[in-house]
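Position chains B, C and D relative to chain A; hints supplied.
Going down the list, the sequences are from chains A, B, C and D. The first sequence begins at 1 in full-length UniProt numbering and counts up one residue at a time. The second sequence begins at 1 in full-length UniProt numbering and counts up one residue at a time. The third sequence begins at 1 in full-length UniProt numbering and counts up one residue at a time. The fourth sequence begins at 1 in full-length UniProt numbering and counts up one residue at a time.
Some clues are possibly wrong.
Claimed, not checked - Here are the simulated EDC-like pairs of lysine to aspartate or glutamate, each with C-alpha atoms no more than 20 Å apart in a straight line:
#1 A:67 with A:40
#2 A:122 with D:115
#3 A:143 with D:106
#4 B:244 with A:217
#5 D:143 with A:217
#6 B:122 with C:115
#7 B:143 with C:106
#8 B:143 with C:115
#9 A:108 with D:115
#10 B:108 with C:147
Don't read these hints as lab results, they were simulated from the structure.
Protein chains: 4
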Amino acid sequence: MTDDTLKIAGREYTSRLIIGTGKYKSYAQNAEAARAAGAEMVTVALRRVNLSNPDEDRLQDHVSPDKYTYLPNTAGCFTADDAVRTLRLAREAGGWDLVKLEVLSDQKTLYPDMEETLSAAKALIADGFQVMVYCSDDPVYAKKLEDVGCCAIMPLGSLIGSGLGIQNPLNIRLIVENARVPVIVDAGVGTASDAAIAMELGCDGVLMNTAIAEAKDPVRMARAMKHAVLAGREAYLAGRMGRKRYADPSSPLAGLI
Amino acid sequence: MTDDTLKIAGREYTSRLIIGTGKYKSYAQNAEAARAAGAEMVTVALRRVNLSNPDEDRLQDHVSPDKYTYLPNTAGCFTADDAVRTLRLAREAGGWDLVKLEVLSDQKTLYPDMEETLSAAKALIADGFQVMVYCSDDPVYAKKLEDVGCCAIMPLGSLIGSGLGIQNPLNIRLIVENARVPVIVDAGVGTASDAAIAMELGCDGVLMNTAIAEAKDPVRMARAMKHAVLAGREAYLAGRMGRKRYADPSSPLAGLI
Amino acid sequence: MTDDTLKIAGREYTSRLIIGTGKYKSYAQNAEAARAAGAEMVTVALRRVNLSNPDEDRLQDHVSPDKYTYLPNTAGCFTADDAVRTLRLAREAGGWDLVKLEVLSDQKTLYPDMEETLSAAKALIADGFQVMVYCSDDPVYAKKLEDVGCCAIMPLGSLIGSGLGIQNPLNIRLIVENARVPVIVDAGVGTASDAAIAMELGCDGVLMNTAIAEAKDPVRMARAMKHAVLAGREAYLAGRMGRKRYADPSSPLAGLI
Amino acid sequence: MTDDTLKIAGREYTSRLIIGTGKYKSYAQNAEAARAAGAEMVTVALRRVNLSNPDEDRLQDHVSPDKYTYLPNTAGCFTADDAVRTLRLAREAGGWDLVKLEVLSDQKTLYPDMEETLSAAKALIADGFQVMVYCSDDPVYAKKLEDVGCCAIMPLGSLIGSGLGIQNPLNIRLIVENARVPVIVDAGVGTASDAAIAMELGCDGVLMNTAIAEAKDPVRMARAMKHAVLAGREAYLAGRMGRKRYADPSSPLAGLI
Chain A
1 MTDDTLKIAG REYTSRLIIG TGKYKSYAQN AEAARAAGAE MVTVALRRVN LSNPDEDRLQ
61 DHVSPDKYTY LPNTAGCFTA DDAVRTLRLA REAGGWDLVK LEVLSDQKTL YPDMEETLSA
121 AKALIADGFQ VMVYCSDDPV YAKKLEDVGC CAIMPLGSLI GSGLGIQNPL NIRLIVENAR
181 VPVIVDAGVG TASDAAIAME LGCDGVLMNT AIAEAKDPVR MARAMKHAVL AGREAYLAGR
241 MGRKRYADPS SPLAGLI
Chain B
1 MTDDTLKIAG REYTSRLIIG TGKYKSYAQN AEAARAAGAE MVTVALRRVN LSNPDEDRLQ
61 DHVSPDKYTY LPNTAGCFTA DDAVRTLRLA REAGGWDLVK LEVLSDQKTL YPDMEETLSA
121 AKALIADGFQ VMVYCSDDPV YAKKLEDVGC CAIMPLGSLI GSGLGIQNPL NIRLIVENAR
181 VPVIVDAGVG TASDAAIAME LGCDGVLMNT AIAEAKDPVR MARAMKHAVL AGREAYLAGR
241 MGRKRYADPS SPLAGLI
Chain C
1 MTDDTLKIAG REYTSRLIIG TGKYKSYAQN AEAARAAGAE MVTVALRRVN LSNPDEDRLQ
61 DHVSPDKYTY LPNTAGCFTA DDAVRTLRLA REAGGWDLVK LEVLSDQKTL YPDMEETLSA
121 AKALIADGFQ VMVYCSDDPV YAKKLEDVGC CAIMPLGSLI GSGLGIQNPL NIRLIVENAR
181 VPVIVDAGVG TASDAAIAME LGCDGVLMNT AIAEAKDPVR MARAMKHAVL AGREAYLAGR
241 MGRKRYADPS SPLAGLI
Chain D
1 MTDDTLKIAG REYTSRLIIG TGKYKSYAQN AEAARAAGAE MVTVALRRVN LSNPDEDRLQ
61 DHVSPDKYTY LPNTAGCFTA DDAVRTLRLA REAGGWDLVK LEVLSDQKTL YPDMEETLSA
121 AKALIADGFQ VMVYCSDDPV YAKKLEDVGC CAIMPLGSLI GSGLGIQNPL NIRLIVENAR
181 VPVIVDAGVG TASDAAIAME LGCDGVLMNT AIAEAKDPVR MARAMKHAVL AGREAYLAGR
241 MGRKRYADPS SPLAGLI
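Chain A on its own, in the form it takes in the complex (with noise of 0.2 Å):
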């Protein structure tokens, strides 16, 4: 499995768990969480988490820079403008050049503004950003995404901090089997069955925050959720079995006894 790495932009990550920063009870808890979940890259709602103000506590102190890979995104962007805007002054003030693009489209549904998406993926690209890109599960425009130099993925498995799961696998699966850079899954893990389900459809990794702030005892979860990626991902290697619609004996009758 040592060789079974995941390259984005360049990188190589043993991990193919991302996870967020958002709705924890302290940055202290988050970084407790990350180590347990293994994580590589943590995802940071540039709008949302404390990294410049030195009097109050900052992520940056708990969930070290140089241990996991930032991965600034645009939650709470309506527009391309605005989602543009925001990572290039996140650029100015910290270096980032790989980013989450999200562009949302209402608050109900938090679900992503797919044209206003791809016209902000293309003027981040043409301004030199390695984007990821936060998108529904429509394979044609998980096409276009691709097309138009993103360097990941990322589908919604269903809601924003929804927790219902993978809605629709087959979908999943088709861009999955369209894609050339690795595929996220992004959004509506609620459990660990989840993040298997995504892993063993063929996706390169999983995003994820609510399941495991959310949870009980998110540090646990996050355990968990390590296993349930590697779990995922092994049994993709692994080739399952075939489906059938009667009963097989585990073995021919042979009569020892």
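Coordinates of chains B, C and D only, in the frame set by chain A:
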């Protein structure tokens, strides 16, 4: 996690994954899969596995009874009498008290005959056996089997060897809620997420054979299953987030940039 | 469609929808629902429905036994003895030979106790009853019940009054494939599509109570269910298209314009 | 039910089932299916159906435009320009203003290209067409299409011709909740219960072709679908019972016998 052990018939196990000894290419491969799975117990079809003929490869030469608890089973028995007789012979030959009872109904479904199963369970328990029992997912019969003294309830997820996963999670959940002895899903698991789901429902363990033995790479699938059982167990103990119908942003809006 | 009738115990029915007589606001509403459903048979909980006290509203004053086959049932009986006694009293009082047997296990699940159910079925059949039998979805027990002479097998879709639909379509399908007497899904239907699914699996009929009685508009839901049973039956007889993983254009390309 | 009509572009329909005109053995069979379905609108692939060559069988000789609203569609168009051109030609030839727009992405999935679809919709509406639009199940794009003036939103249930049913009921439900124009599930229905489910989600209608045309008995399946759409519609209007996790006896215990 160190103190989260599975107790069956007075013994403690760290692993919650029991694997079979049928359908493998060789006992050597079987042994390698057992190691990869981290299993501590293997089930042995008395009628199918070579334990006694020294001229042929024997299971115990590869999967040592010193390292693995052997759980003899009655696969291939279609009446209570046949199952009871088989296990009595086994006890004489191998000294096994802890057994897995299965009394099947027909070759097409290999579903358990619950009437015969209950009758055999009573006879075996009266005879001093510790009986782990393969059963349908009927919560009423699961309770009857516990009431007559079975030491573990092993409801099917779906048909033996079908790989269809857990067909009726509601019934498995009802069985778990009512049981005071371990509940171990037996039959039906096809891939890693199926095992995780079983554990997330609160089961105490999972038994599988075909899912590992008939994967394209059985040893890798065994490793997947080890992680899957851990993932599901930890997720169950961690307490999953609630499901929501609408989206929920990953953190309260704060607006830092 | 005119010759597609349901034959039970020597009688023919055009309708394949059996409805209950509990939980309605009044017997008048019950009667209206029966008409809207196009039902020809209604099941009557002997312990709950008023048939004899002339000082209160009686079922037969609204749902005439001349127009509807009354199918007395043993709802509320938790042992074989109790069920047998109840039906003997009913036969003395009302002359009913065709009965629906249910022997329940506990108040929480209302699942049938299959051991007691089989025992009661044998006693009733020996006593000259025509027994339609409420049972679990265990194909093995369904066969036993047919073998002792039950004239219809009535497996549950899910828990009584739960509205959860058919939890295990595979089992229902196996029961249908093995049966030479009518199979009628009883319990669990929540809305129209659930009833259609039951019929598409090849069942001969559906029995429901709560889905109609507890709909916001019971009479309208009764009409929905009439259509649903017809829809599912016709779809089953018509033979559905195959499922395909990839798209298939609706017609060969021809290019006329 | 008489006043429960479907209004599209100023016209009222009693039937909520729209059927196709492809894949049938003959236009005569197509006509018979339309009658059995009780359809009042049929969709016509302009590029595939013979409307003009009098030397061959023509659709209108069997399915009369006097009795059925013809809904010309752009099946086979893969760009906005192509779709717009096709419909302009059709209007010149046949005077059709009410059209079904579909702009597909690729032959493998036949998924709509939403970017091109939106662009074509704008052009057609500016040009005076009444546009019913085939689209993905993305609620954000569904809203955009309504906002530019489409008179009906037609999200896919699953891939065209796949018979896989509604893959993502949650999205269909979100589209329905947000729409002020009719929502009609188009593509994916395989059997009767699929159509009932679409209607139970609150859709205003269902369009299907393969499910009927490729059934073993297309006319019988058409009749099944008529009932299925009525069943689902009535169930939606009736208001289904709540789902319960535990059993609920069909009536309060009374004890009359």
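Here's how the hints hold up against the structure:
1. Taken as a hint, the residue 67 of chain A and residue 40 of chain A pair is honoured in the structure, with Cα atoms around 7 Å apart against an allowance of 20 Å.
2. Our distance criterion of 20 Å between C-alpha atoms is met by residue 122 of chain A and residue 115 of chain D, whose separation comes to about 15 Å.
3. The hinted pair formed by residue 143 of chain A and residue 106 of chain D meets the criterion: a straight-line CA distance of about 11 Å does not exceed 20 Å.
4. Restraint check: the Cα-Cα separation between residue 244 of chain B and residue 217 of chain A comes to about 19 Å, which is no more than 20 Å; the hinted pair holds.
5. Between residue 143 of chain D and residue 217 of chain A the CA atoms are separated by roughly 39 Å; this puts the pair beyond 20 Å, and the hint is violated.
6. The suggested pairing of residue 122 of chain B with residue 115 of chain C holds, with an alpha-carbon distance near 15 Å, which does not exceed 20 Å.
7. For a cut-off of 20 Å, the pair hint linking residue 143 of chain B to residue 106 of chain C stands: about 11 Å separates their Cα positions.
8. Between residue 143 of chain B and residue 115 of chain C the alpha-carbon distance is near 12 Å, which keeps this suggested pair within the 20 Å criterion.
9. With a CA separation close to 23 Å, the supplied pair residue 108 of chain A and residue 115 of chain D exceeds the 20 Å bound.
10. This hinted pair checks out: residue 108 of chain B and residue 147 of chain C have alpha carbons roughly 18 Å apart, not beyond 20 Å.
Against the hints set out earlier in the document, violations occur for numbers 5 and 9.
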